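Go ahead and model the full structure; you've got the sequences and the hints to work with.
Line order of the protein sequences matches chains A and B. Residue 1496 is where the first sequence starts when you use the working numbering, and the numbers rise one by one after that. Residue 26 is where the second sequence starts when you use the working numbering, and the numbers rise one by one after that.
Some hints could be false.
Unchecked claim - To spell it out: a stretch of chain A is covered by chain B in this simulated footprint if at least three of its residues, at any positions, have a beta carbon under 8 Å from a beta carbon of chain B; those stretches are:
#1 1503-1512
#2 1582-1593
#3 1624-1634
Don't read these hints as lab results, they were simulated from the structure. Here the structure is a predicted model, which means the values were calculated and not measured. Beta carbons: idealized from backbone N, C-alpha and C, even for Gly.
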Amino acid sequence: MTPPALSVRLQQAMEDFTLDVNFDASAGLTVLFGASGSGKTSVIDAVAGLSRAASGRIVVADQVLMDSTRNLHLPPYKRQLGYIFQDARLFPHMSVARNLDYARWITRSPRNQPSFDRVVEMLGIAPLLSRRPARLSGGEKQRVAIGRALLARPKLILADEPLAALDDARKGEILPYFERLRDESDVPILYVTHAAAEVARLATTVVALEAGRVIRQGTAAQVLGDPSFMPGGVRDIGAVIETRVAAHHPDGLTELAAGGLPLLLPHVDRAIGDKLRLRIAAQDVILSKTRPEGMSALNILPGTIADIKAGSGPGAVISLDTAAGRVLARVTKRSVQAMDLHPGGAVFAVVKSVAVAPGDVGGASR
Amino acid sequence: MTDWLGPQEWQAVALSLKVAFWATLLSLPLAIFVSHALARWEFSGKQIANGLVHLPLILPPVVTGYLLLLIFGVTGPGGRLLDAFGVTIAFQWTGAALAAAIMGFPLMVRAIRLSIEAVDRRLEEAAATLGASQLRIFATITLPLALPGILTGAILGFAKAMGEFGATITFVSNIPGQTQTLPSAIYSFLQVPSGEIQAMRLVIVSIVVAMAALILSEVFARRVAKRMEGA
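Structure, rendered in structure tokens:
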């Protein structure tokens, strides 16, 4: 068995809780997922060496970055990481080209023009090279920041809520680059976010944090399909299903196949046969005991109730097992009673095709 | 130009420029170092260090001059040490440069410290994650971004050095051609009945030099700011 790409053990007393985190991550993109204040940024900053944890051990590939038992704390500049910050942090007194070249220049490494050109090409930032960061839009800044981190030839890429400062359109612009990083490079990525949509789209592995502890670890479908964990609040929960592009219809809809069930979406710019991860927000799902007819919603998934989780308010979250996978639905407790919903019961989940937000559609990991 | 100023006046102007130039040039690196330490480092005795740096600003200049005389005079400990290397600074223009440097130092440090504190530490962190050691972060991020403040500090220090009077005259006296700086010369001319015209000419020179320095720093600071905006 290959050793984990990243192994983190940390204990650190924080202001209102004790950070006690212990996880291994394989290659691909590992999301640290949790509400703000759950300790995500403390973990990533400890990995980067920007803050010093009281005790623990951090290993990337086979290099020990920190080991409190040996009093080893490598300074950040010796850790060979690429850190993509939420606020880009480009150097304002340098052109985009010099920002990109900074890591190579500062470590006096030989110039590698092909890799520079490849990164510039991949991120589409060639027209920006001579500009100053002040003249870039938010999305452009973040693309340059990604390039700068990549060109540091890191052993591990860290990203701390890299999309949080961007509006939805810009998010949609940056997300594909992280998918490409995940799928095309061998460098593992540790990605911090509180947005379920990003988890659904990007995560190879999810490490869910709450009050400084790892409370779940698994695939995006496993962690997001569990209604008892909702760091973004009840509005943010939603299951992830794996689909494949089946057909593009002339009326502008794309048909996806999910475990044999057809799903219709507004046109998705993917080739037929491509894998696609879909996140269906629980609040966009309506339940019906009979197959609905004469209804405008196009997507109807028959399933069996696996679990009903009543919240503290008037709502309840129903977990359904369908041929497409686990689907969550948010309904009221009153409906649960009125419809006599119980585990094992058969229902139909109705998903309006337009209810699937573009940000929630993404390519699957390999 | 030389006709307009008499030889004694010209000497005073030239000496002041020389004193201020060397005082600024030699104290600037130390001022940057001290400013960085005060702005970025945590160490015990930081308050005391801060107080010491600012002392010349608070003390009467004559007191600073007298202390310099006690330390660097021919019989003082500093003077004897320098004497061992064959250097005398008491009653020399080099002494005037030392006095000017010490008097201008707090002004320099104040301006530079503020500009270093204004540099976003998150940029320094970003540089660290990209492989830059502390020293390289300072040279490639902190220093260039603090440049406008460093320039302001240097100009302030230079202007202070040009105008220093109390400590200079106490420490190195007022010897024409040797230690008679521009303010000392103005003072001397004002002591004699016919000297007012000469004094006035030196006053004009002072104003011109001060304005030129200010405009120069303004132009430079603007150019730096423009560069950041990506022109």
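Evaluated hints:
Remark: the stretch 1503-1512 of chain A is not confirmed as covered by chain B, as 0 of its residues place a Cβ nearer than 8 Å to a Cβ of that chain, below the required three. Restraint check on the stretch 1582-1593 of chain A versus chain B: 5 residues with Cβ-Cβ distances below 8 Å, three needed, restraint holds. Given a C-beta distance limit of less than 8 Å, the hint that chain B covers the stretch 1624-1634 of chain A holds, as 5 residues qualify and 3 suffice.
Of the numbered hints listed earlier, the single one contradicted by the structure is hint 1.
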